[in-house]
Structures are given as C-alpha cells and as structure tokens.
Amino acid sequence: MKRFINQHPPRAVGYFLGLLPFVLLLLAYVAASAARLAENPNDPLLPSLGTMLDTFWRLATEPSRRTGELVLWVDTAASLTRLGLGVGISMAMGLVVGILAGLIPYAGRTLSPLITAVAMIPPLAVLPILFITFGIGELAKVVLIVFGIAPFILRDVQQRVSELPAEQLIKAQTLGASSWLIILRVVLPQVFPRLLDATRLALGAAWLFLIASEAIASTEGLGYRIFLVRRFMDMATILPYVVWITVLAFLADLLLRMVNRLLFPWYGGRRS
Amino acid sequence: MVRGASKLMATVTLKNVWKTYGRDIVLERVNLHVKSGEFVTIVGASGCGKTTFLRMLLGEETPSRGELLMDGAPMPGEPGPDRGVVFQKYSVFPHLNALNNVLVAEEFGRARLTGHLFGGARRTARAKAMEMLEAVGLEHAVKKYPHELSGGMQQRLAIAQALMKDPKILLLDEPFGALDPGIRKDMHALILDLWKRRGLTIFMVTHDLKEGFYLGTRLLVFDKVRHDPQAPNAYGANITYDIPVGRTEPELLAEIRDHTGLPLSAEADSHG
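Chains as they are written, first to last, in the working numbering: chain A, 39 to 310; chain B, 854 to 1125.
Do not rely on the hints blindly, as some may be mistaken.
[As the list claims (entries may be wrong)] Sample of chain B residues facing chain A (criterion: CB under 10 Å; computed from the structure):
#, residue
1, THR864
2, GLY912
3, PRO916
4, PRO934
5, LYS942
6, LEU949
7, ASN950
8, GLY962
9, PHE971
10, GLY972
11, GLU984
12, VAL995
13, TYR998
14, HIS1000
15, PRO1082
Don't read these hints as lab results, they were simulated from the structure. We put the CB at the ideal spot given by N, CA and C, even for glycine.
Generate the whole structure from the sequences, applying the supplied hints.
Structure below.
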C-alpha cells in the first residue's frame, strides 16, 4: 500500500469529502434543534431551519414596522459602505506609502520606524480615542478599519517592493528611467497584484473591526443588528446574519482573486 | 535594418583603482585602457572582483581610490543610458510582453511624465522596437510574456532592450551562463554580429574560459597576486593577464586555467 502522503482522492471523491463536514454539521444542528424544540416549541436558542429562513426572508423583503425600511438591505448597504471605504483608503495608503518607503531610501528611513510602531498598537485599544475624536458617526468606524489594516497592507507592499530584483531597477536606469517612471512603469504594475493579495488577507481583520465598531455605537449595520437582537436571544436572526456575512466575505475575496487573474495574466506564471 | 555605429564612441580608463569594503580589499592598483569598439571578456575565480569591476562600470559602485574615466571624464555615480546591461537573470520586466519590454525603453526617454507614448509618437517608437526585436530574432514572439519565453529568448529580449538606447558601452554579466550549449553558440553568433554592425564597446564577464577566448578582442584575467592564507581579504585582485584574443597558445590557456581554477568550457564541464 502507498504511503498516506502519496494517496490522492479522485476528483469526485475530493468534492464529496469537502462537502462532508458541512453536511455533518448541518445534520448535527438539525438533530439538536429538533430535540430542543420537541421539549419546548418556543425555545429560541436552536431555531429550526424553516424558522431561520422565514426570519431572513422577512428581514429581506418586508419593510420594518418601526422604520418602514428593508432591514437586511439597509444593514448590508451600511456595512459594505464602511468596509469599502476603510479597505479602499487602506489600499491607497498602503500603495503610496509602501512604494515610497520601499523604494526611496530617504522615505524608508523616515517612515519605517513609525510604521512599525503604529502597527504594534492594538487597534481596538484606540477605538475609544477614535469615538472621542471623530464622534460616534461613520468616520470613527472607517478610521478604525484603516487603523487596523493599513499598517499591515503597507508593510506588505514595502516588503514586496524591496524584494524586486535589483537587476530590474538597474536595467530601468540604464534605459533612462527617472525615479518617477521607475515607480510608474516598473514598481507599481508589479506591486499592484500583490496589493490585492495583501488586501485579501486583511479582509478578515477588516470585518472584525467593522463588526466591533458597529456593535459599540451604531444605528444600522450587520454587526449592529446581531448585537441588538442578542438581548432577545434571537438566534433566528443572528445565525442567518452570520451566514450572510460569511457569504459577503467570501464574495469579496472571490472578487479580488478574479480581478488579479483578469488584469495581471503574467502574475501567476512569473515564477516559472 | 539596424542602424550603423553608435552615436558616440567610448574609451574607458582606470588609473590605479582600488575598491575596499572596510578592511576587505577587493581590487587593488588596477590600471586599464580600453579603446572604443573593443570586445573585452573578463574571467576570474569567484570572489576575485570581476563583478565589482562591472558594477563600477555600471555606476553602482565607485572606486575607493584612483580614477575611473569614460571618455576622459569621471564615470557617473549611477547607471545611465550610455551604458547598457544584460544580467544573467531578472534582466527583463516580467509584467510586460516582449514588445512592451523593448518599447518601454523608448517611453522612459520620451514620456517623462506619463511613461506612455500615444498616437504617431507611439507608432514611430513601436516600429523602432519591432526593428530591434527582428534584429535579435524575436519577431515571432512579440506578444509573449517573459515567463512564456525560453531562457535563450529571454536573453535575446534583454539584449534588444539594452540596445534600444544606443549605448556607448554594453556590459554583459555572465549573460549566457544559464543557457544550454547549443543555444549559447547561437547567442555568441548574435552578440558578435551586433557588436560588429553597431560598433559597440563590450565588457563581458564569464566563468567559461573558452567563451572568453573565443569571443571578442581582448581577454582580462582577474586574480589575486598576493595571498595571505591567514587573512584571505587582506590583498585585492588585479588584472593578471591582458591578452589579445586570437594569439593564444594552448600552454597559456592551461596556465590561466591552473591559476584561476576555471573550467575550460561549461559545455565540457557539464558533459564530463
């Protein structure tokens, strides 16, 4: 018999194995939920799949009795706006400062210690400062995301820039390129796909900071909603919302991956 | 058609040049005069300063003592378009296809702000780039990215790129060291042809003695004259042989081989 490290499942079996844990978890949940509901039909902790679907459908399609809004879409729009702004600003900062610090020695010497120090500060610890400084409006939440992920993205970009082979930069100089043109034609296009990779890795943290800030001070948003209904132990809302957030996070990751593949066809093959 | 001789001819003069790093002496008392149009090959054991010498010609390093002159003026302290270069690897830009790799040289020089040429200017530049790709035999691969090209084709591309600026001096740092023997023969024919037609001054570092003897007009051997086994870096290397190529007796070849410990040719080496 072959060693375990040399045994590969056939394609169909591979898909089946990948799905199996999901199916098992779902079955376990359904069984536990059915057992609890059999004892007490009003038990809120493990609602049936049907109840959750109903609740989710109602939040998505029926205007709220209190505000007249479609709660799910208001929450989703608010959260995605904050997330998009925070991640977008972080990417822009990471790209500009990261390239300067990685390529221009004077800029690197000036900025690197500061960046290292700022990256050490736990972002949630400065959340009170942000609320005091920027108020509890949108700005503080966006700034928290920027504070949380920009240093990571920035340092990754800086690292990638300094890893560009010295031969390339010398070659560009022998072709008459100025520092600016080296940034524009040599560094920027090669760092951009890496920026998208770094952003994908930072997205998890961005969601964390978004939901944390929404939980503390907000009037709408996905994080606000699940912490609001926590008081009523409304698992029929919380669980579908968590699944919905996971789906959104997955789609954001997928989008960045597709952009990378479509815009930078040379990126995947560069190592060969 | 490739145009004739370069705009300017260059002579390179070294007067009592030293290169030291702290207490380590790499080169000492190097004197040399190279006329324009010469094809100088440089051999030597590893760590004997031949790469340092090339980096000084490139402007990446400056002499610690002595004078390094190009056309009677001090060599500029950074790389520039008067000295083209081809490295063993990383010489071309992985994110540009073959045509753009060559075209970018023209855009570096003529679009100082945007780095891109448009309209008629672009058509003119494109025609010049196509001409250059034809001169190195890459006219069938203009749309290919470097990772889709073989090692030999990548080096052809690097040569085309370097020649776009009509450099006075072409520096080659073991450009064919990673290629198969058959491909290497083709590359020798190509570089000799370009050298003759364009009247270039070429400096080429190689670790292949046969290549050094076969190509060009003049062979330089870098070696340490004095050696202290207790302190291997106490004495620097110097030019120990300066031989016009074509007047070489087998005994001399054997003598140099014994001194430097280099293989006669990588071909014989890899087959042996």
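A quick look at each hint next to the structure:
Taking 10 Å as the C-beta cut-off, the interface hint given for THR864 (chain B) is violated, the closest approach to chain A being about 19 Å. With its C-beta approaching chain A no nearer than about 8 Å, GLY912 (chain B) sits inside the 10 Å limit, and its interface hint holds. Look at PRO916 (chain B): its Cβ only gets to about 18 Å from chain A, farther than 10 Å, so that hint breaks. Because the beta carbon of PRO934 (chain B) sits about 4 Å from the nearest beta carbon in chain A, less than 10 Å, this interface hint is met.
Of the supplied interface hints, the one on LYS942 (chain B) holds, with its beta-carbon coming within about 7 Å of a beta-carbon of chain A, less than 10 Å. For LEU949 (chain B), the shortest C-beta to C-beta distance to chain A is roughly 8 Å, which falls under 10 Å, so the interface hint holds. Interface hint at ASN950 (chain B): satisfied, since its Cβ lies 8 Å from the closest Cβ of chain A, which is below the 10 Å cut-off. Of the supplied interface hints, the one on GLY962 (chain B) holds, with its beta-carbon coming within about 4 Å of a beta-carbon of chain A, less than 10 Å.
A hinted interface residue such as PHE971 (chain B) counts as satisfied when its beta carbon comes closer than 10 Å to some beta carbon of chain A; here the least separation is about 15 Å, so the hint is violated. Hint status for GLY972 (chain B) relative to chain A: violated, with the closest Cβ pair at about 19 Å, above 10 Å. The beta carbon of GLU984 (chain B) is not positioned within 10 Å of any beta carbon in chain A (closest approach about 17 Å), and the interface hint is therefore violated. A hinted interface residue such as VAL995 (chain B) counts as satisfied when its beta carbon comes closer than 10 Å to some beta carbon of chain A; here the least separation is about 15 Å, so the hint is violated.
The interface hint given for TYR998 (chain B) is met, as the beta carbon of that residue sits about 5 Å from the closest beta carbon of chain A, less than 10 Å. A least Cβ separation of about 4 Å between HIS1000 (chain B) and chain A falls short of the 10 Å threshold, and the interface hint therefore holds. The interface hint given for PRO1082 (chain B) is violated, since its Cβ lies 33 Å from the closest Cβ of chain A, which is over the 10 Å cut-off.
Checked against the numbered hints above, the structure breaks hints 1, 3, 9, 10, 11, 12 and 15 and satisfies the rest.
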